[in-house]
Amino acid sequence: MTDQVSERRTALAFLLPGALAVTVLVFVPLVWVVWLSFRRAMPVFGVDRFAGLENFVHLFSDSRFWAAAGNTLYFAVVAVSIEVILGLAIALLIHQRFRGRGLVRAAVLIPWVIPTVVTARMWEWIYNPEFGLMNYLLRTVSLISGPVSWLGDPFWAIHAAILADVWKTTPFAALLLLAGLASIPPDLADAARVDGAGLWQVFTQITLPLLRPALLVTVLFRFLDSFRVFDAIYVLTGGGPANTTETLAIYTYKVLFQTMRFGYGSAIALSTFAMSGVASIVIVGLGSRSARATRSPDDAP
Amino acid sequence: MRRRAGFLLLLFVALGFLLTPPLWQVATSLKSREQLSMLPPLLPDPPTLENYQGVFAGRPFGRHILNGTIVAALTALLALLLGAPAAFAVSRLAIARARTLLFGFLAVSWIPPIAIVSPMYLGMRALGLRDTWWALVLADTAFVLPLTIWFLTTFFDEIPQDLLWAARVDGATTVGAFVYVALPLSAPGLAAAAIVAFIYAWNEFLFSLVLTSSPAAQTVPVAIALFPGLHEMPWGEIAAASVIASAPVLVLILMFQRWIVQGLTAGAVRE
Chain V
700 MTDQVSERRT ALAFLLPGAL AVTVLVFVPL VWVVWLSFRR AMPVFGVDRF AGLENFVHLF
760 SDSRFWAAAG NTLYFAVVAV SIEVILGLAI ALLIHQRFRG RGLVRAAVLI PWVIPTVVTA
820 RMWEWIYNPE FGLMNYLLRT VSLISGPVSW LGDPFWAIHA AILADVWKTT PFAALLLLAG
880 LASIPPDLAD AARVDGAGLW QVFTQITLPL LRPALLVTVL FRFLDSFRVF DAIYVLTGGG
940 PANTTETLAI YTYKVLFQTM RFGYGSAIAL STFAMSGVAS IVIVGLGSRS ARATRSPDDA
1000 P
Chain D
26 MRRRAGFLLL LFVALGFLLT PPLWQVATSL KSREQLSMLP PLLPDPPTLE NYQGVFAGRP
86 FGRHILNGTI VAALTALLAL LLGAPAAFAV SRLAIARART LLFGFLAVSW IPPIAIVSPM
146 YLGMRALGLR DTWWALVLAD TAFVLPLTIW FLTTFFDEIP QDLLWAARVD GATTVGAFVY
206 VALPLSAPGL AAAAIVAFIY AWNEFLFSLV LTSSPAAQTV PVAIALFPGL HEMPWGEIAA
266 ASVIASAPVL VLILMFQRWI VQGLTAGAVR E
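From first to last, the protein sequence lines stand for chains V and D. So the first sequence is residues 700 to 1000, counted in the numbering used here. So the second sequence is residues 26 to 296, counted in the numbering used here.
Quick caveat, the hints were computed from the structure, so don't treat them as lab data. Treat the hints with care, as some may be off.
[Unchecked claim] Not everything, but these chain D residues come out facing chain V in the computed CB check (under 10 Å): (1) Leu35; (2) Ala39; (3) Leu44; (4) Leu103; (5) Ile120; (6) Val133; (7) Ser143; (8) Thr166; (9) Leu289.
[To be verified] Here are some, though not all, of the chain D residues that point toward chain V, as calculated from beta-carbon distances under 8 Å: (10) Phe32; (11) Gln50; (12) Ser62; (13) Phe130; (14) Val142; (15) Ile174; (16) Leu231; (17) Ile263; (18) Ser271; (19) Leu279.
Note that beta-carbon positions come from the ideal geometry of N, C-alpha and C, so glycine has one too.
Isolated chain D, as found in the complex:
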């Protein structure tokens, strides 16, 4: 009984530490300017939505959301298009040193983005892609692709080999077995990999900051980082923008939690 109480206490402390900051941010977003400069009370009284209106007033925040959504969706799509066949080849096809190849891909995640930000900037500028969605999609895909391949390899590894052989016996080509057997069977894995890529691109900051220069392509994190404070910081509006920026990724992770966690941690324990 005492052990149970101790356990619950620790659990409560851990959850309090992890959840208080975002809850405080939500409370802040619902406070008026006057309430922000008063403490206590901790909670908004009465709550107001004026900050949420303020975020969009006189500021292209809607455009930032559009940019972020398109960049993240295209990154997820491109990562799957490039990553799924590669992962299938590593997992199932007879190629020499398949796993070595996988580690070649994974070596990319060892390279800090800051290390290649200067050539990325010069290259995108030379190609005329600076301040476009495509610059961000390409940069984000490059860094999320290794993770996508790793992730999908673990899912393809789970498919019973008999099913793929059966398809081949029935006359399917390798491509056929991939498209009609492997892909449908790993649908949760594909969805989870797409979501991880989407979240990565939606949250990404360094390349989004460096490769854009106007609201034409700036994503939500860049907008929040550069939030203008003329005389004083508009903390209520920043909090409202933060809630809006976090909502999509929170919904995605809570819905697909199980598969995302399975894919992300599979590698760490496999040895």
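Only chain V is shown next, with the shape it has when bound in the complex:
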């Protein structure tokens, strides 16, 4: 009995420093940002007063905010869709047994581990209209006739950012899905193949349904991450041209640190958090509903 009490005390002592750090450094700022969002606060000008719902009312009529929300959602949905499909393809490839598999798996991690700022600069140079690799390769195979200004064109810029993000984060998706593949017992596929199932049938009937939990986790992680995208685009385009690549995080940053409006910036930041929260609930909801939908025919007697 006393042993249990003392163990409980030790457990609390073990947990306390970490819990305290997270509380002070994350949860207190979170409360603070809510408080700030109800104020008109411009620290450099000495302005700091209660503003009620002023910031949130302004938010509704701020077309730049809604444009940023649209850009962010478009970026996240398109990028994550491509990343999960490509990631699954790569995971299936490196799930096979072959010589040098360890080396290939290590190589796949390279884009993921390079600093995002570095990869943004790297792609900026690849997209360079005059001396970039992109235009050179596309002209060599005659897909384009003249140089394209990938980052200067309102249509191409967001898609250039998506391609750079796909390159950077597909490895992480592949990694999560590879772990999911590894947890599927191989005898299931073997048995199906003995029964005469083809590769495609094994994939759609066995692998894909069993991979569903890992797919859901991958989509959720990648979506949360791409919805908050900052450095990847801020360094690549700065949000331009004409704000067509300005995401919510970039707009928040500009309002906070270029115009020093801390109250309004905090309101945008809080709304971004709320939107990503709603979106993640929707993803989890859709994911578990489709899981139920596919399971029910088998469950029926």
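With chain V's structure known, arrange chain D on it following the hints.
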């Protein structure tokens, strides 16, 4: 045979897509200014190291590397000091709702850093920590700690309970069992968690940008993002700086690949 060829082709395409951009950046870093404005040839001919000298000339890039190294090392240390005992408590000690607590920690990774950047800035300024290593260490630790705890919990879960009981029977306290049994047995996990924290802090950009204002504390990503281009962008030097910034994390991930991947993906498949 045909399937084998198809497989190799796909593998080759995937590797080409993933490896061409960094290889192109390495090639760029070895080109002179004249070679940069010529295409073809694709490869530097002859290769030159002038960009690598240029990165350090008249620019405090050495200081940025020092800042980045110290911030990342301190973040890794602090994350382990705070995270290892917490993970052990969640994994092995009799506390009610241990797993709920774990999810409380994990909720942090659901919060985008941009959401709390304004109070973080005001708080660090009020404490006089702005433009110091400590501001970055604290911000980075806060965001990497949940991952560290998650990571280490999966490693502590693997330790056979008998070993811990044996230590207790031999008279070791809980702290003793933690220090002399659990920690040595999960040394690879601790190393991998430290490396993940190091890489996170070395690569981190938003807080490093907002909480610093001079080369006194600016890290390598901030330096590369703010690389001055007076008339034209110094692409060769940016490429050289990129290679220098990526080298440490690449070496770490390639050396500890197995454990890092094991720790990072353990949670995703456990359900």
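Each hint tested on the structure:
1. Leu35: 6 Å, holds
2. Ala39: Constraint on Ala39 (chain D) satisfied, holds at 5 Å.
3. Leu44: 6 Å, holds
4. Leu103: Holds - the Cβ of Leu103 (chain D) comes within 10 Å of chain V, reaching about 8 Å at its closest.
5. Ile120: At about 5 Å, which falls below the 10 Å cut-off, the nearest Cβ of chain V leaves the hint on Ile120 (chain D) intact, so it holds.
6. Val133: 5 Å, holds
7. Ser143: Since the shortest Cβ distance to chain V is 5 Å, the answer is holds.
8. Thr166: 7 Å, holds
9. Leu289: 7 Å, holds
10. Phe32: Holds - the Cβ of Phe32 (chain D) comes within 8 Å of chain V, reaching about 7 Å at its closest.
11. Gln50: 5 Å, holds
12. Ser62: With a closest approach of 6 Å, the Ser62 (chain D) hint holds.
13. Phe130: Hint holds; Phe130 (chain D) Cβ to chain V Cβ min 6 Å, cut 8 Å.
14. Val142: 7 Å, holds
15. Ile174: With a minimum Cβ separation of about 7 Å from chain V (threshold 8 Å), the hint on Ile174 (chain D) holds.
16. Leu231: 5 Å, holds
17. Ile263: 5 Å, holds
18. Ser271: 5 Å, holds
19. Leu279: 5 Å, holds
In summary, this structure violates none of the numbered hints.
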